[in-house]
Amino acid sequence: MSLREALESGRFVVTSEVGPPKGIDVSEMMETAELLRGRVDALNVTDNQAAIMRLCTLAACLHLENAGFDSVLQVTCRDRNRLALQSDLLGAASLGITNVLALTGDHVTLGDHREAKPVFDLESVQLLEVIESLNGGVDAAGKELHGTPDFLAGAVVTPDANPLPPQLAKFAKKVKAGARFFQTQAVYDATSFKRFMEQARQFGVPVMAGVVVLRSAGMAKFMNRNIPGIVVPDAVISELEHSSDAQATGIKIASRFIDEVRDHCDGVHIMAVGAERLVPSILDAAGL
Amino acid sequence: MIVVRQKPIAEICDMIGRHSRVLLVGCNTCAAVSLAGGETEVDTLLQFLKLANKRRATYTEFGPAVLQRQCEPEYIEGLEHEGYDAILSLGCGAGVALLSEMIGKPVYPALDTLFIGAAKGLAHWSAECSACGKCVLGETAGICPVTRCAKGILNGPCGGVSDGTCELGDRPCAWVEIYERLEALGRVEQFKQISSPPDNSTRIICEWDMTKPGDES
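Protein sequence lines, in the order shown, are assigned to chains A and B.
To get my numbering, take the position in the first sequence, counting from 1, and add 6.
To get my numbering, take the position in the second sequence, counting from 1, and add 1035.
Quick caveat, the hints were computed from the structure, so don't treat them as lab data.
Computed from a predicted model, the values in this text were never measured in an experiment.
Hints are supplied without guarantee of correctness; some may be wrong.
Unchecked claim - Derived pair list, reagent style DSBU-like, types lysine-lysine, alpha-carbon separation capped at 30 Å:
{"hint": "1", "chain 1": "B", "residue 1": "Lys1155", "chain 2": "B", "residue 2": "Lys1140"}
{"hint": "2", "chain 1": "A", "residue 1": "Lys200", "chain 2": "A", "residue 2": "Lys123"}
{"hint": "3", "chain 1": "A", "residue 1": "Lys123", "chain 2": "B", "residue 2": "Lys1169"}
{"hint": "4", "chain 1": "A", "residue 1": "Lys149", "chain 2": "A", "residue 2": "Lys200"}
{"hint": "5", "chain 1": "B", "residue 1": "Lys1155", "chain 2": "A", "residue 2": "Lys123"}
{"hint": "6", "chain 1": "B", "residue 1": "Lys1042", "chain 2": "B", "residue 2": "Lys1085"}
{"hint": "7", "chain 1": "A", "residue 1": "Lys200", "chain 2": "A", "residue 2": "Lys227"}
{"hint": "8", "chain 1": "B", "residue 1": "Lys1169", "chain 2": "B", "residue 2": "Lys1247"}
{"hint": "9", "chain 1": "B", "residue 1": "Lys1085", "chain 2": "B", "residue 2": "Lys1140"}
{"hint": "10", "chain 1": "B", "residue 1": "Lys1227", "chain 2": "A", "residue 2": "Lys149"}
{"hint": "11", "chain 1": "A", "residue 1": "Lys182", "chain 2": "B", "residue 2": "Lys1227"}
{"hint": "12", "chain 1": "B", "residue 1": "Lys1042", "chain 2": "A", "residue 2": "Lys123"}
{"hint": "13", "chain 1": "A", "residue 1": "Lys149", "chain 2": "B", "residue 2": "Lys1169"}
{"hint": "14", "chain 1": "B", "residue 1": "Lys1247", "chain 2": "A", "residue 2": "Lys200"}
{"hint": "15", "chain 1": "B", "residue 1": "Lys1042", "chain 2": "B", "residue 2": "Lys1227"}
{"hint": "16", "chain 1": "A", "residue 1": "Lys227", "chain 2": "A", "residue 2": "Lys28"}
{"hint": "17", "chain 1": "B", "residue 1": "Lys1169", "chain 2": "A", "residue 2": "Lys182"}
To be verified - A few chain B residues that don't get close to chain A, going by computed Cβ distances all over 12 Å:
{"hint": "18", "residue": "Ala1087"}
{"hint": "19", "residue": "Lys1089"}
{"hint": "20", "residue": "Pro1099"}
{"hint": "21", "residue": "Gly1187"}
{"hint": "22", "residue": "Ser1231"}
{"hint": "23", "residue": "Pro1232"}
Just so you know, even glycine gets a beta-carbon here, dropped at the ideal spot from N, CA and C.
Bound conformation, chain A alone (with noise of 0.2 Å):
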């Protein structure tokens, strides 16, 4: 089942990542990917990932497609303009790829290549617009396109971004601009991000919440210190410190968290990081 089906249906989605690798070895991610096979409804592709400079998505997307798995293709507005754009997405439409998230991209000067020109000619909101746009038959600029493409385009939100009124005006901007489904930044209180649920269920489109699997308390404090709109609460923190076997810890973690919330929201976008053999036990202890 597609992940186009799978949301369709209305059954819960389980979506996971992989990063494309810097250079043109895909071994490794295609292993990856492996890991995840049967367990997950697609994969994301991310593209520039913190802006460093790695393999293009479409390409992986493609290599993922030809293995048989669905992929969603992550694109940033960060290194094209629009015309770029456009023809990159009319591309992948053309091999197969529809499944699109819709991203502004991490600044430049975050990545390995600071000198570099940011381009920002869209972000999100307007891309989200353009790729409606193509699926209507017309481009950015109003002239009809020969073959139309059927993206089925996501966006990100932040549930736990401070300040949150305008994040979620955002989000209803992106709901209105053609995002037909939400995959989320890492969350980890179940309280908070099923408050955010109240809030993001008056819009109708699904949401994923995202999982970030932590494996050690070091790394949930790192997170906290450095990833804007993500907050390990202090308890989850203390459960690791105090675990004499903090992987099976942070699985317990994943799974309670996906176990709290799954009738309050879609699907699971889980991103393991490195972390990818721990998702089929998570999936296992969430009954996924």
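Following the hints, complete the assembly by docking chain B onto the known chain A.
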């Protein structure tokens, strides 16, 4: 105003090193207010360059001058530069350009031009305008997202905001500020409006001549 910042002395020395007589020309408008191109700064830089002469064993001679504005021909016409074989401009990029066009001698920039900004305190300025040619301040409660948002986003904060701070860590998130100000002004409805992609064609405007007939739009 145009906010400028003096280049490192070593960089200036490398540019002017092969000239024997260099005229330092200040600019008494933006650059002077920016504390980088007024009479005081011309004199200070001149002293530094003399000291650098000794250290580098070069023999360049320097003279001082200050123009009211380097970006207007009538002021440049009055500049006395006889006997000098190069000009070191303490003006913004526009000043360097017009001096170069009119003087017929090598002109070097002593400053880097940073942005169009507003004073925020003593010797402290913030970028407020990018001269994009299509002002959106009416929709954003007077805070420019093209300038103040590192990504120039027109539709609200990205996921990089942390406690109201931009992911670059050097500034408050423009969109959090815009949201809060719209709210304070009772205009938060404005935020719900999706802003279309910017018209970047205004960014390539390179001349504005009011005396030439243009289109009526």
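We went through each hint and held it up to the structure:
1. For the proposed pair B/Lys1155 and B/Lys1140, the alpha carbon gap of about 37 Å is over 30 Å, so the pair is violated.
2. As the CA atoms of A/Lys200 and A/Lys123 are separated by approximately 39 Å, the hinted pair breaks the 30 Å bound.
3. A hinted pair counts as satisfied when its Cα atoms are at most 30 Å apart, and A/Lys123 with B/Lys1169 qualifies at roughly 21 Å.
4. Proposed proximity of A/Lys149 and A/Lys200 is contradicted: the alpha carbons are some 43 Å apart, above 30 Å.
5. Between B/Lys1155 and A/Lys123, the direct Cα distance comes to roughly 28 Å. Compliance with the 30 Å bound is thereby established for this hinted pair.
6. Distance check on the hinted pair: B/Lys1042 and B/Lys1085 sit about 16 Å apart at the alpha-carbon level, within 30 Å; holds.
7. For the hint pairing A/Lys200 with A/Lys227, the CA-to-CA distance comes to about 23 Å; that is within 30 Å, so the pair holds.
8. At most 30 Å may separate the alpha-carbon atoms for a hinted pair to count; B/Lys1169 and B/Lys1247 meet this at roughly 21 Å.
9. At most 30 Å may separate the alpha-carbon atoms for a hinted pair to count; B/Lys1085 and B/Lys1140 meet this at roughly 22 Å.
10. This hinted pair checks out: B/Lys1227 and A/Lys149 have alpha carbons roughly 27 Å apart, not beyond 30 Å.
11. Taking the CA atoms of A/Lys182 and B/Lys1227, the gap is about 10 Å. The hint holds against a cut of 30 Å.
12. Our distance criterion of 30 Å between C-alpha atoms is met by B/Lys1042 and A/Lys123, whose separation comes to about 22 Å.
13. Our distance criterion of 30 Å between C-alpha atoms is met by A/Lys149 and B/Lys1169, whose separation comes to about 24 Å.
14. The straight-line distance between the Cα atoms of B/Lys1247 and A/Lys200 is roughly 62 Å, outside the 30 Å bound, and the hint therefore fails.
15. The hinted pair formed by B/Lys1042 and B/Lys1227 fails the criterion: a straight-line CA distance of about 43 Å is larger than 30 Å.
16. As the CA atoms of A/Lys227 and A/Lys28 are separated by approximately 27 Å, the hinted pair is consistent with the 30 Å bound.
17. Simply put, B/Lys1169 and A/Lys182 have alpha-carbon atoms about 25 Å apart, close enough for the 30 Å limit, and the pair holds.
18. With a closest Cβ-Cβ approach of about 28 Å to chain A, B/Ala1087 is found to remain outside the 12 Å limit, as its non-interface label requires.
19. With a closest Cβ-Cβ approach of about 35 Å to chain A, B/Lys1089 is found to remain outside the 12 Å limit, as its non-interface label requires.
20. Against the 12 Å criterion, B/Pro1099 stays outside the reach of chain A, whose nearest CB is about 36 Å from its own CB.
21. Not every beta carbon of chain A lies more than 12 Å from that of B/Gly1187, the smallest distance being close to 5 Å; the non-interface claim is violated.
22. In this structure B/Ser1231 is not separated from chain A by more than 12 Å, as the shortest Cβ-Cβ distance comes to only about 7 Å.
23. With 12 Å as the threshold on Cβ separation, the claim that B/Pro1232 sits away from chain A is violated: the shortest Cβ distance comes to roughly 5 Å.
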